[in-house]
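Q: Protein chains in written order, with the working numbering: chain Y, 664 to 966; chain Z, 664 to 966; chain F, 664 to 966; chain C, 664 to 966; chain R, 664 to 966.
Please note that a few of the clues may not be correct.
Identical copies go unnamed one by one, so any copy, or any two together, can satisfy a pair.
Derived DSS-like pairs (lysine-lysine); straight-line CA-CA distance at most 25 Å [unchecked claim]: (1) 815 - 774; (2) 883 - 941; (3) 774 - 966; (4) 737 - 774; (5) 883 - 774; (6) 832 - 815; (7) 883 - 932; (8) 966 - 815; (9) 815 - 737.
To be clear, the hints were calculated from the coordinates, so they are not data collected in a lab.
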Amino acid sequence: MSSPEPSSGRPGPTSPASPAGRPGPAGRPGHRGAPLPEPSVIPENGWHCAHYFYRFRREALSARLSAECQSQFKAALHPAAELAPERLASYWTSGHRADFGVMIMDPDPAKVDAVHQRILAPPLGQFVEASWSFVSMSEVSEYVPSIEEYEKRLIAGGEVAGSPEVAAKVAAYERRLPIMNEQRIRPEFPEWPAACFYPMNKSRVVGANWFTEPFSRRNKMMAEHAQSGMAFAGKVSQLISVGVGIDDWEWMVTLWGRNPEYLKEIVYKMRFDEASAKYGEFGPFYVGYRASAEEILEHCQLK
Amino acid sequence: MSSPEPSSGRPGPTSPASPAGRPGPAGRPGHRGAPLPEPSVIPENGWHCAHYFYRFRREALSARLSAECQSQFKAALHPAAELAPERLASYWTSGHRADFGVMIMDPDPAKVDAVHQRILAPPLGQFVEASWSFVSMSEVSEYVPSIEEYEKRLIAGGEVAGSPEVAAKVAAYERRLPIMNEQRIRPEFPEWPAACFYPMNKSRVVGANWFTEPFSRRNKMMAEHAQSGMAFAGKVSQLISVGVGIDDWEWMVTLWGRNPEYLKEIVYKMRFDEASAKYGEFGPFYVGYRASAEEILEHCQLK
Amino acid sequence: MSSPEPSSGRPGPTSPASPAGRPGPAGRPGHRGAPLPEPSVIPENGWHCAHYFYRFRREALSARLSAECQSQFKAALHPAAELAPERLASYWTSGHRADFGVMIMDPDPAKVDAVHQRILAPPLGQFVEASWSFVSMSEVSEYVPSIEEYEKRLIAGGEVAGSPEVAAKVAAYERRLPIMNEQRIRPEFPEWPAACFYPMNKSRVVGANWFTEPFSRRNKMMAEHAQSGMAFAGKVSQLISVGVGIDDWEWMVTLWGRNPEYLKEIVYKMRFDEASAKYGEFGPFYVGYRASAEEILEHCQLK
Amino acid sequence: MSSPEPSSGRPGPTSPASPAGRPGPAGRPGHRGAPLPEPSVIPENGWHCAHYFYRFRREALSARLSAECQSQFKAALHPAAELAPERLASYWTSGHRADFGVMIMDPDPAKVDAVHQRILAPPLGQFVEASWSFVSMSEVSEYVPSIEEYEKRLIAGGEVAGSPEVAAKVAAYERRLPIMNEQRIRPEFPEWPAACFYPMNKSRVVGANWFTEPFSRRNKMMAEHAQSGMAFAGKVSQLISVGVGIDDWEWMVTLWGRNPEYLKEIVYKMRFDEASAKYGEFGPFYVGYRASAEEILEHCQLK
Amino acid sequence: MSSPEPSSGRPGPTSPASPAGRPGPAGRPGHRGAPLPEPSVIPENGWHCAHYFYRFRREALSARLSAECQSQFKAALHPAAELAPERLASYWTSGHRADFGVMIMDPDPAKVDAVHQRILAPPLGQFVEASWSFVSMSEVSEYVPSIEEYEKRLIAGGEVAGSPEVAAKVAAYERRLPIMNEQRIRPEFPEWPAACFYPMNKSRVVGANWFTEPFSRRNKMMAEHAQSGMAFAGKVSQLISVGVGIDDWEWMVTLWGRNPEYLKEIVYKMRFDEASAKYGEFGPFYVGYRASAEEILEHCQLK
């Protein structure tokens, strides 16, 4: 029988360590001779991210939540608590699947998951059920244009090569890029009142296989897709985090909206972009409204 | 790796605020220089809408519902209660998945969801389980013809351009359109005894991709589809609300029927329209019969 | 955004009432000027039908069912009880999903569902779980040949037009048709010991889309399909009821068999008919054996 | 609307009884004039078969099973008990979905299901949950070659028509066939230690539709497929039973293995046969290891 | 009706034992005359493997786990306990579906499953729910190049046939191959802090059917795929085990990572290989972080 992803057939003297084999001592030279970093759960680039959705187990609640449980709930969701992760935002959610959701980011996956564990710890855990979650990591996408690519796009868009205008725009992009990338890796969460969350894949069906398209074509579709989003500047803010290899979908999309209406509008508009229309596969959608632990308890009539 | 919907590559000086970036202060100039509205959960156009379906947890009921629970149930479903949303209608539902359903509309999503929370609050919540729901927003579809498009369609349909007949019809449409749009955004719910509810998508499969069709072709198919519905005037009334970006399907269809037979007939007839036959993807169907809280309790033998 | 099934674009003076609009007073003139019937849950043509499948909640049964629960069970399933629907048949079912099933028909959907509610009412409801159901309506299919079509088919099949043989057959069909249609709308349930139940759709995939085929071709395939069933006259009896618009599948198939073997054989044979082979999409199959409430309790060792 | 499998259009005087109609009295002449057998749940050809898989409800077990429950368990699974079906074998199963499985065959479906009912009867039923099952019937497949077909295949395979070798082989097949068919209908279960169980369909997708292929081509593919299995003589023994019309898949495959390794190997090898590679659709796979009731309790640490 | 995988049509004198027939006595000559091994659950080649994922049943935990339950948990997960299997590693897992996972290997399937049974045994089993599992077997894939194939690939890659360099590389491969195969069959589990687990199939859809491709083409794709993995030597280690015939997916992939970031990167990179992009079908992904029983209890706040 077959191994679909065998590590076999790796010829050549530069491959002393088998990927399938026992790992050597930490810090020893890797495949290309560069020393490998120490084993760690902290990514070199990117933060761990998790989206958790919960419903209160009303079947077990003959009365409002006890004071002890309410305190536990508020402590678990407090974004500035002592053991809190770098980022934490909570939302009450519409629909029967969940009563509230929490979005968390931190370099350490254990600190991210600890929020979930604090919610589920006794005694509060008796009255809460996790209905869905998605774990991912932040990163700078391969489709983010470099300074050079940015300049090329300007010229391809009709601007005059070597002109002061182009030079000024490139310089501005050069100043903006590190800030934008920082926001992609370690984003500040906006205080806007609405947000929606959904995972997605790029399709691999016969006739619409994203992963067999060359980079140039994928890059072009992603640039057009980005252009679509520009009309929503100031209305919608987004984070794309990566679930490939660690959860059931390839990407997680977080959209924060100045108004829930804009969330509906941007997703509808983008669905006509080739990248989405032809290749997008979407998982469950959750809509949430920014709320503190206290506000969630109040909205859910459990306070 | 890749971000499927990156905010990158946004060149140009009119884009000071990154969609992925920290939102600026409320009310500051937006992308096109127009001032943005204050952050809010109330849509500028459209109301929030929710369909909730529930079953009584018979496994937990050794006797009829207590008087306290019955009172809570009637209060939660009362369409004219103090905190009630703008629209609220309740139905007993056929089939094992749900015993009753509630359809709700209001500008404020928290007022919509509050009905759900009142049903699930202790102590009644111990005996009720939400089996399905769909959250959406009302809107005027892009396929609703403008006055000009309406006139063009008349002429394309054989009427004489510039004739008094056309002028009269256009004038009538001009009077009717605001009323019809009001009904699309803030509909009155008919008192008819039957209704069915189902979500739907437009397909994006290879060979039948709605979202890669040009607007003109989609518009034509939607006009034909609307024509199909005309045979049911006085028999069936409908509301199409939008779930794109906020729930798992793109649209929610509510059909109210003078008789349940007409619901079966209209859906069957419309399934042969190209817009449905080729592109329609349908989710779960629920059929409901208009009933007050009291009537639901009686029907479910819990009173 | 778009409404997939908008009521817009309805031009013309004969359309005073918007399907999306507020319904007028009952009995007012409809679209074509004919007076509309009073709002009602009773179909003009066809009966409501429901198939319910249940399992006993063994996890909650430390001993046999109490005498009170057994009495409630027998009363709920009694086909001749005072409030019983027009038709009611019960079956014990094979397989882990259900212990028993009930098939019900009546003009009034509330009388149909009342059987379900009687089973789930306290105290018996604590020990019963509905595992699946399907609600539908009976009707005379558009593919049932009229007298004229029947005569045409005889001649197309080689018989001599105008011959006494054809005249005799047509006369016989004319006598038989009302009886057959009565049986389609208000069927007597056979006393045969076995039955199987399953819902189905006609596919709308690219390359096999039933709903884009012209009526003539669909009619021909259905006639061939009917022909397949003829070999089972006296062995299998069927009812096709319609779920379009009111439940998740388009049709519900009930097959009663003189022997369970014939159920297996007819479904296998028919699967090769083009109507099934190419267009049939099938849901869950349940097999049941005719049994009274008492026999079900005995079979399930709960008596 | 339409009936997908209407009984309509049945012309001709030999069709006095409508398949959709009320069945006539038992034993009356059938469609072809041959008297029909009495209504019965016992098939004329083939036995009823069921595969049941269960998990112990550990959430309800604060201690080992009581002596009473253990006795009930052993009695229910005893293959030689007074009311036991003709065939009964039990297995402990690997994986989280089930702790044990039971395979049962008998002419009477009530005797087959009685084993399931005995396991679920109080008080043991409180601690057992049926996780999956499949009901089917045994039969001799239409692809089993007749004596004549067998001879033709020999000659097509290069043997000399009319030769003594062919005559001897045909004679041997003639002796073997009834034994093999008996084993297909009323199989003895091997005592081998491992088994795997899975249901399957033949696909009807566009481009790979088994049911639109002519018999000759299906027969050829099945013969090749049978050839694949020959390499496993003495290692793997199989039973194919039919679920068409009575459960959710068309066939149930039971493979008994002298070693679990062979189960993995035969399924992998056969997956490359056209009949499987192109047309096979597979359901859940369960692997089991032969064990008595006592051994299951011991393995599950509940004794 | 049809048997999809009949054992019929097996002509020829070398086939005295029907695969569908009663097995002969152990050790008798098999199909090719070679004596068959004794019936056994221990594979001749390969170990049994299982991946188990669990969540703590917080709904049942009003306080931390009792000391007795904690002891039971630590004993069950102890890799060096008396009855422990050959390999056992435990992980806390991110996401709502599971709190922890265990990966186990042993020649005896009962020893593998015993770990699962020890976790679920009373009293601990009341507080633990198995959320997912996969059972598989280790093996040496048919795509692992033999010494001869390895030499051919070197020459096809541009090296000079008969040169000392080629001879040296071949000799090295000859020394390495048994070690690599040992690692494929009886792998040592690396101590790296992160791991991800997911099952997969090779697709059989029309237009992308892995199983109708010739071996040469599959082999080439697998070699390219292996090449992709080489960039991760020292960063990622893998095991591919086989589920064909014994669980719902064809293969189980285990990736151990020096850093969780590498898991994300390798799966993303490999998704562009033809073997994955076109043919890979992936099941649920679980990410885990190496942890002892004690650390899991601590992370889950149940200690």
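Q: A separate judgement is required for each hint: does it hold in the structure or not?
A: Verification of the hints:
no., hint, in the structure
1, 815 - 774, "neither (42 Å within a copy, 51 Å between copies)"
2, 883 - 941, "both (14 Å within a copy, 22 Å between copies)"
3, 774 - 966, "between (27 Å within a copy, 18 Å between copies)"
4, 737 - 774, "both (17 Å within a copy, 23 Å between copies)"
5, 883 - 774, "neither (37 Å within a copy, 43 Å between copies)"
6, 832 - 815, "within (12 Å within a copy, 46 Å between copies)"
7, 883 - 932, "both (18 Å within a copy, 20 Å between copies)"
8, 966 - 815, "neither (58 Å within a copy, 59 Å between copies)"
9, 815 - 737, "neither (51 Å within a copy, 60 Å between copies)"
Checked against the numbered hints above, the structure breaks hints 1, 5, 8, 9 and satisfies the rest.
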